[in-house]
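2 protein chains.
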Amino acid sequence: MRKYNVAILGATGAVGSRLIDQLAKSTIPVNHLELLASKKSAGKPLQFKGHTIKVQEATPDSFNNIDLVLSSPSSDVARKLLPEAVKRGATCVDNSSAFRYDTNVPLVVPECNADALKLHHGIVANPNCSTTQMMAALEPVRKAFGLKSIIVSTYQAASGAGGAALKEFFRQAQEYLDHKPMEHNILPVGSQPKHYPLAFNLIPQIDRFFSNGYSREEWKMIHETKKIMLGDMNAPQIKVNATCVRVPVPIAHGETVYFKVADKSATADKIKELEKNAPGVTLLDDPAHQVYPMPHYAEGHRDTFVGRIRPDLEHDDIFDMWVVADNLLKGAAWNTVENGEELVKRGLVRVPKDYYVKPGVNHQA
Amino acid sequence: MRKYNVAILGATGAVGSRLIDQLAKSTIPVNHLELLASKKSAGKPLQFKGHTIKVQEATPDSFNNIDLVLSSPSSDVARKLLPEAVKRGATCVDNSSAFRYDTNVPLVVPECNADALKLHHGIVANPNCSTTQMMAALEPVRKAFGLKSIIVSTYQAASGAGGAALKEFFRQAQEYLDHKPMEHNILPVGSQPKHYPLAFNLIPQIDRFFSNGYSREEWKMIHETKKIMLGDMNAPQIKVNATCVRVPVPIAHGETVYFKVADKSATADKIKELEKNAPGVTLLDDPAHQVYPMPHYAEGHRDTFVGRIRPDLEHDDIFDMWVVADNLLKGAAWNTVENGEELVKRGLVRVPKDYYVKPGVNHQA
Numbered sequence: 000m001r002k003y004n005v006a007i008l009g010a011t012g013a014v015g016s017r018l019i020d021q022l023a024k025s026t027i028p029v030n031h032l033e034l035l036a037s038k039k040s041a042g043k044p045l046q047f048k049g050h051t052i053k054v055q056e057a058t059p060d061s062f063n064n065i066d067l068v069l070s071s072p073s074s075d076v077a078r079k080l081l082p083e084a085v086k087r088g089a090t091c092v093d094n095s096s097a098f099r100y101d102t103n104v105p106l107v108v109p110e111c112n113a114d115a116l117k118l119h120h121g122i123v124a125n126p127n128c129s130t131t132q133m134m135a136a137l138e139p140v141r142k143a144f145g146l147k148s149i150i151v152s153t154y155q156a157a158s159g160a161g162g163a164a165l166k167e168f169f170r171q172a173q174e175y176l177d178h179k180p181m182e183h184n185i186l187p188v189g190s191q192p193k194h195y196p197l198a199f200n201l202i203p204q205i206d207r208f209f210s211n212g213y214s215r216e217e218w219k220m221i222h223e224t225k226k227i228m229l230g231d232m233n234a235p236q237i238k239v240n241a242t243c244v245r246v247p248v249p250i251a252h253g254e255t256v257y258f259k260v261a262d263k264s265a266t267a268d269k270i271k272e273l274e275k276n277a278p279g280v281t282l283l284d285d286p287a288h289q290v291y292p293m294p295h296y297a298e299g300h301r302d303t304f305v306g307r308i309r310p311d312l313e314h315d316d317i318f319d320m321w322v323v324a325d326n327l328l329k330g331a332a333w334n335t336v337e338n339g340e341e342l343v344k345r346g347l348v349r350v351p352k353d354y355y356v357k358p359g360v361n362h363q364a
Numbered sequence: 000m001r002k003y004n005v006a007i008l009g010a011t012g013a014v015g016s017r018l019i020d021q022l023a024k025s026t027i028p029v030n031h032l033e034l035l036a037s038k039k040s041a042g043k044p045l046q047f048k049g050h051t052i053k054v055q056e057a058t059p060d061s062f063n064n065i066d067l068v069l070s071s072p073s074s075d076v077a078r079k080l081l082p083e084a085v086k087r088g089a090t091c092v093d094n095s096s097a098f099r100y101d102t103n104v105p106l107v108v109p110e111c112n113a114d115a116l117k118l119h120h121g122i123v124a125n126p127n128c129s130t131t132q133m134m135a136a137l138e139p140v141r142k143a144f145g146l147k148s149i150i151v152s153t154y155q156a157a158s159g160a161g162g163a164a165l166k167e168f169f170r171q172a173q174e175y176l177d178h179k180p181m182e183h184n185i186l187p188v189g190s191q192p193k194h195y196p197l198a199f200n201l202i203p204q205i206d207r208f209f210s211n212g213y214s215r216e217e218w219k220m221i222h223e224t225k226k227i228m229l230g231d232m233n234a235p236q237i238k239v240n241a242t243c244v245r246v247p248v249p250i251a252h253g254e255t256v257y258f259k260v261a262d263k264s265a266t267a268d269k270i271k272e273l274e275k276n277a278p279g280v281t282l283l284d285d286p287a288h289q290v291y292p293m294p295h296y297a298e299g300h301r302d303t304f305v306g307r308i309r310p311d312l313e314h315d316d317i318f319d320m321w322v323v324a325d326n327l328l329k330g331a332a333w334n335t336v337e338n339g340e341e342l343v344k345r346g347l348v349r350v351p352k353d354y355y356v357k358p359g360v361n362h363q364a
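If you read the protein sequences in the order shown, they are chains R and S.
The numbers in the first sequence follow numbering that gives the first Met the number 0, run straight up by one, and end at 364.
The numbers in the second sequence follow numbering that gives the first Met the number 0, run straight up by one, and end at 364.
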């Protein structure tokens, strides 16, 4: 059995620590693991399967002899370093948005479009967290009945804005309860001029705005959905509309998803049956007994939780559902590792071009 | 000028205290004010325009010589006492759901259907909080362009579940920050068997569920919208779909509203212009400068805040907006008092049948 030299790029963040954990629990046979991050984290000791591994500064040469890169740095770092990894023969699964919209880069939620993995040229992209969970929930419906349109409203957790934002949010919550003014320096978007408290509030801005009034997060949900489901980020066959809102929840995004199917033989019961048997989905749908997905259930789990499936009362081809998933796991680390597992399973991790040139490194140990 | 003997029924709750405050700031000429509540609150001293008024136990005879009742008790109490008030000649504006769906009872958001007030037979109903703010925001669009369908997802504050729920929510937030287990005995619905923490969570249940999978809150939004906009709670001309979610915010509900217009000459700019000039609406819509409605802005204000108005990217007759309002003011106390103001302005407060029989009470002082 081939074993893989794996590098985790961006190993010290909230997603990075989960990448290490998900890799440890995965089916990927690991020969050697490099943990890579920025210079300031170099030397930091982290744990992997009971071994201590010191974080290395990520440089182009960090990827010499690496087979598989699981990556969650900033887009700028991904843009700079992943081509270097590819040049050195590695196959990368990247969680940043740097390469998602390149036609040469498959954008993959394994439950949905794992076959697209075979089109990779060294980089596979992970979708945005809010898109990923919606794809896992809607794919069984698309496959069985076809989809004509999707309208989604998100309830997105603070951790989606990064570790510093999450810390700010918790500090604000305590300040509010202590009747103190809430400090706000990061949320909604660190790089934007205005900041607002998220604690006990709702902020209808995730990422910056385009001139058409949509936020970049909303743009991502619209175009990533099309690329994942139809292979083309501007495909007109499925119409998508999204509104993204940051809510005072630490982990796990909620989404109300309203969707129109092509095949009118669809019923809520049939959709529930599909979701019950769908890979990566846990159906929690028994309103009479107050059973439905909530962030407190989803946190720490790989699955996408689906519930509140019901028909629109005035259209026989329209349905509603409520979808919740851990944005740091299904929305990031787990989907990345899951893509890595699929690449391994399908033999799609490239053999580095210098594989036989450096016999000292035993990739197949 | 006619002055009115006013009674506030349910004077001691979160909405009750706001009814007193909104009445004090209103244009209703008050001759005499009775503050009514359950027996256990009787004798409690409350303030109105610098005067101390003691709460009285609400009984049928409390409404003798009352012209106008502003009411926010439980539905059961409303059902029992308001017919007694009507029998005694009073005109009632009721914030409970007891009479909303009676064909003889107008359901009124003054910015939207004030003319329906003239159809009252003693009782005017206030809509559900989540419906009210959506009506204030959508009426300018309906009037100018017609509406074909509405899809709404709500982000509803804890205070909508009552004062005890709000207190529980704040206690849970502190418990969570202290890493203690969160006590949960009330939310999402006090009378239902299961309870979940709301702090740092999302609960997709407001009120109990019907067998078709919709919650009663969702049912209300669908049928109240039809009654307010079309005069018939089952009117098919405007299709409505709603998903209602409780969010960890104390006061002010958010709503993503996706709507289809009849007249395709509508544009986002025209809709913004309408909202800017709409009564009871404050337009906060400048995404480039991070200006949009948030609960922290809306809390304590009478207006409905509207922003993020933009066109759907794939349909020329569909638009999105984000609507936020103080659920205890526009969603309850202020809309009740505003209905009272309209009744007064239009001469629709009935003259009690025993008006001239009891000359000792000077209603016109």
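Read the hints as simulated data drawn from the structure, not as lab findings.
Among the hints, a few may not be true.
Just so you know, same-sequence chains aren't split out, so a pair can sit in one copy or run between any two.
[Claimed, not checked] Distance condition first, Cα-Cα at most 30 Å in a straight line; then the derived DSS-like pairs of lysine-lysine:
(1) K271 with K147
(2) K39 with K53
(3) K193 with K271
(4) K238 with K263
(5) K53 with K86
(6) K193 with K238
(7) K193 with K269
(8) K275 with K193
(9) K263 with K24
(10) K117 with K179
(11) K259 with K147
(12) K238 with K147
(13) K166 with K269
(14) K179 with K166
(15) K38 with K269
(16) K53 with K269
**Request:** Sort out which numbered hints this structure fails and list those numbers smallest first.
**Result:** Per hint list: 6, 9, 10, 13, 15 and 16 violated.
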